[in-house]
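Here the protein sequences come in this chain order: A and B. Okay, so the first sequence: first residue is 1413 according to the numbering used here, each after it adds one. Okay, so the second sequence: first residue is 4 according to the numbering used here, each after it adds one.
It is worth saying that the hints were derived from the structure and are not from the lab. Ideal placement from N, C-alpha and C gives every residue a C-beta, glycine not left out. Be aware that a few hints might be false.
[Said to hold, decoys possible] Lysine-lysine pairs mimicking DSSO-like chemistry, simulated, CA-CA at most 30 Å apart: (1) B/Lys70 - B/Lys86; (2) B/Lys70 - A/Lys1706; (3) A/Lys1706 - A/Lys1778; (4) B/Lys86 - B/Lys122; (5) A/Lys1778 - B/Lys86; (6) A/Lys1706 - B/Lys86; (7) B/Lys75 - A/Lys1778; (8) A/Lys1778 - B/Lys122; (9) B/Lys75 - B/Lys86; (10) A/Lys1778 - B/Lys121; (11) B/Lys86 - B/Lys121.
[Stated by the list, open to error] Facing chain A, according to a computed beta carbon distance under 10 Å, are these residues of chain B, among others: (12) Leu142; (13) Lys145; (14) Gly146.
[What the hints assert, rightly or not] Some residues of chain A that are not near chain B, with every Cβ distance over 12 Å (derived): (15) Ala1457; (16) Arg1531; (17) Arg1534; (18) Gln1759; (19) Leu1776; (20) Leu1789.
Letter by letter, the chains look like this.
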Amino acid sequence: MRGLAAVCLLFAAVHRAAAQVPDEIRVEAGAAEVRQAGNRSRAAALFGVTWRRTRERLVTTALGSVTVARDSIGTAQGLLALRYQPAHLPNWRLETGAAGAMFGLNALSGGGNGALFSRVQRASRAHGLWAGAAGSVTNRMGHNMQTSAYDVGAWGEYKRTSGTVAAVVTTSHDTDLLAASGLPSRRPIGPFVVRDATFTLQQSFSALDIAATGTFRAGEGVSPHVNDRALMLAAAFYLSPVVALTVSGGRQLADPLRALPDAKILSASVRVLFLRRDPAVLQIDRYGAIALTKSDPEGGATLTLRVLANSSARVEAYGTFSGWQPVPMHWVLDAWELQVHVPPGPQRVAVRVNGSQWRAPANLTKVTDEFGGEAGLVVVP
Amino acid sequence: MTLRRWHLLISLASLAAAPAARAQAARLDASADLGLRRAVERELVAARAIGLPEGLLVAKANEGIAKRATPKRITDAVAALGKRLQVARDQLAPNPSEDEIAAGADALYVGVPAPMLKKMRAAWPSRSLALPLGVLTELVAKGLPADRAAQVVTDLMRRGATNVQLYALAQSVQGDVAAGWAPEAALDLRARGVMSLLPPAPAASAFANPRRP
Chain A
1413 MRGLAAVCLL FAAVHRAAAQ VPDEIRVEAG AAEVRQAGNR SRAAALFGVT
1463 WRRTRERLVT TALGSVTVAR DSIGTAQGLL ALRYQPAHLP NWRLETGAAG
1513 AMFGLNALSG GGNGALFSRV QRASRAHGLW AGAAGSVTNR MGHNMQTSAY
1563 DVGAWGEYKR TSGTVAAVVT TSHDTDLLAA SGLPSRRPIG PFVVRDATFT
1613 LQQSFSALDI AATGTFRAGE GVSPHVNDRA LMLAAAFYLS PVVALTVSGG
1663 RQLADPLRAL PDAKILSASV RVLFLRRDPA VLQIDRYGAI ALTKSDPEGG
1713 ATLTLRVLAN SSARVEAYGT FSGWQPVPMH WVLDAWELQV HVPPGPQRVA
1763 VRVNGSQWRA PANLTKVTDE FGGEAGLVVV P
Chain B
4 MTLRRWHLLI SLASLAAAPA ARAQAARLDA SADLGLRRAV ERELVAARAI
54 GLPEGLLVAK ANEGIAKRAT PKRITDAVAA LGKRLQVARD QLAPNPSEDE
104 IAAGADALYV GVPAPMLKKM RAAWPSRSLA LPLGVLTELV AKGLPADRAA
154 QVVTDLMRRG ATNVQLYALA QSVQGDVAAG WAPEAALDLR ARGVMSLLPP
204 APAASAFANP RRP
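Given the sequences, and given the hints that come with them, work out the whole structure.
Structure representation (C-alpha cells):
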C-alpha cells in the first residue's frame, strides 16, 4: 500500500514538473519478477522517467530509472544521449551519450558502472545503417574492470512493420559478471570476448505494438556455455495515445558494457506520456499535431506539419494541398513530419494516426466540412 | 533539327497540353459510381450555364469521394457549394476572380452574412479580396461573431491596411486565443494595434483604392 502511495506521489510530482518544462516526459511504473541465473526469483518494483527535448537538429534524451526489491536487489540507472542531424548532411545522424548505474545485486558485489558511447547513422526514409563504439568501467568492491564494444547494424520499416539487425563485439574484464551468470571464465584474469547477433522485429496494430528481440551469442576466453541465445518479447497496449499498458518477458543475456547480469524477467507496467508544453503548441491536442507556414519568395508558402506519435505508428496528412488524398508523413528526428508547398489563399489540412479519425492540427482553427470531417484552416498570404 | 525548331515544337506541345492538364485537374475521381457521376454532372451543367468555376465543384465532389461520404451527401455538398459560389460571385461583383469567389464561398460557409461581402468589395473595389476573405473566414471559424469580425476587417481595409497586416492580425488573434484570451478581446486588442499603425482616416482615402498590381 505504501509502495502504491509512493508511486502515486511520484506520478503527481512528475506531472507537476511536466507542466513546467517545455518538452516531452514519459513515465513508466510497474512490477517485475527477476530471476538471475543460479538464483531464486525476486519481485521488484520499477520506476522510470524519460525526458526528451526536440529541437530542429538536436534531440536530447535523459533517462532515469530505479529497480527496488525487498532483499536488497536494487539498481539505479541514468542516461544522457544527444542526437544531432548536421544541416549539410540531412541523411546522417550523430549520436553520443553517457550512462551510469549503481547496483547492489546480491549475486554480485555492489558497485557502479559508467559508460560512454557514440554512433554514426545514415538514415533514409525507411531504412538506415549505423556503426558505433562504446566503452565502460565497472567497479565492484573497489576493483575497476573495463569493457569496450563495437557495433554495426541496420534497420528498416515497411508499412507498420519494422526491424533491426545488429552485430556487437564486446571485450571485457568483468569476469565477475560471467561468474554471476553461471558462466565461469577459463581465464579469470584477462579479458574475454563475446560476439552477439541481435534481431528485433516490431509490428504495430491500431492500439497494440508487439516486439521480439532475439540474441545469439558466441564467446572466447570463457566457458563453452557462453555460446547461448535469448529471446525477449514485449507488448504495449495503448489505452489512449498517451497511456499504455506494457508487458514484457524473456531472458536478457549478461551485458558487460552496462554490467547487467544474465536474468529471466517478467514485467508489467503503466506508461504515461506527458506531451510538451511549448508556448507555440499550447493547445496541443491528442496527438500533439501542429502546422507551421513559412512564406516562399516565389509565392505561396511551405506548410510543415509535425505530429508527435509513436515511431512505429502510421501517420498521414491530407487536405486541399493533396486533393484530399492521404499522404504518408515521414519520421524525422523525433516526430512525424511533412513539408509541402501550398499556394496563397485558404488551405485546409488534417492528420491522422494509425487510420483513426482525421483531426485538425492543434494550433489551427478547426472547421467542419459538409461530410462531417474536421480540418484545420490556414490562410497562406 | 535546329535548336530553335525544337524550342518551337516544345512550345506548341506545351500549348496543346495546357487545356488537357486543366481538364485533368477538374476531372471527377474515377472511383465515383455512375449515379454520383450523373448527379455531379447535372450540377456542373447548371454551374457552367451561369458561368461559375466548375473546378471548385469537382474538387468538392472529389473531397467527398476521398472522405468516403455517401453519394447523396456529396451531391448535396456540391449543390450547396454551387449556391454559395453564385451568391459570392454576385456579392463580389463586378469582376471577381476565381480565388475571390472561392474565398467568398468559404466565408459564407462559416456564417459570414452575404451583404458583408458586398461591403468588403466596396472597401477594396479593385484589389483582390482573397486574403481578407480568408482572414475573415478564419476569425469567424475561431468563434468570433461574424458581424463583428467582418466589421473590423472591413474597417481596417478602408483605413488602408495591407494584406500583410491583415494576415498578421489573424496570426496574432490565433496566438492570443491559444494563450487563453477570449476571441473578441483578442480581436479588439490586435485590431487597435493595426489601426494605430495606419494613417488617419482622411489621408487613408488616398490609399484605399490603389491600382491593382
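So, going through the hints one by one against the coordinates:
For the proposed pair B/Lys70 and B/Lys86, the alpha carbon gap of about 22 Å is at most 30 Å, so the pair holds. Simply put, B/Lys70 and A/Lys1706 have alpha-carbon atoms about 28 Å apart, close enough for the 30 Å limit, and the pair holds. At most 30 Å may separate the alpha-carbon atoms for a hinted pair to count; A/Lys1706 and A/Lys1778 meet this at roughly 20 Å. Of the pairs offered as hints, the one joining B/Lys86 and B/Lys122 holds, with about 20 Å between alpha carbons and a cut-off of 30 Å not exceeded.
This hinted pair checks out: A/Lys1778 and B/Lys86 have alpha carbons roughly 23 Å apart, not beyond 30 Å. Of the pairs offered as hints, the one joining A/Lys1706 and B/Lys86 is violated, with about 34 Å between alpha carbons and a cut-off of 30 Å exceeded. Distance hint between B/Lys75 and A/Lys1778 is fulfilled; the C-alpha atoms sit about 25 Å from each other, no more than 30 Å. A distance of roughly 26 Å separates the Cα atoms of A/Lys1778 and B/Lys122; the hinted pair therefore holds under the 30 Å criterion.
About 17 Å separates the Cα atoms of B/Lys75 and B/Lys86, which keeps this hinted pair within 30 Å; it holds. At most 30 Å may separate the alpha-carbon atoms for a hinted pair to count; A/Lys1778 and B/Lys121 meet this at roughly 26 Å. Of the supplied pair hints, the one linking B/Lys86 and B/Lys121 holds, its CA atoms being roughly 16 Å apart against a limit of 30 Å. A distance limit of 10 Å between C-beta atoms decides the matter here; for B/Leu142 the minimum to chain A is near 8 Å, and the interface restraint holds.
Given hint, B/Lys145 at the interface with chain A, holds; its Cβ is 5 Å from that chain's nearest Cβ, closer than 10 Å. Proximity of B/Gly146 to chain A holds as hinted, the smallest CB-CB distance being about 9 Å (cut-off 10 Å). Residue placement check: A/Ala1457 keeps its beta carbon more than 12 Å from all beta carbons of chain B (closest about 39 Å). Residue placement check: A/Arg1531 keeps its beta carbon more than 12 Å from all beta carbons of chain B (closest about 38 Å).
The claim that A/Arg1534 lies off the interface holds: its Cβ sits roughly 36 Å from the closest Cβ of chain B, which is beyond the 12 Å cut-off. Remark: the non-interface label on A/Gln1759 conflicts with the geometry, its nearest Cβ contact in chain B lying 9 Å away (cut-off 12 Å). With 12 Å as the threshold on Cβ separation, the claim that A/Leu1776 sits away from chain B is violated: the shortest Cβ distance comes to roughly 8 Å. In this structure A/Leu1789 is not separated from chain B by more than 12 Å, as the shortest Cβ-Cβ distance comes to only about 5 Å.
Violated hints for the displayed structure, listed by number in ascending order: 6, 18, 19, 20.
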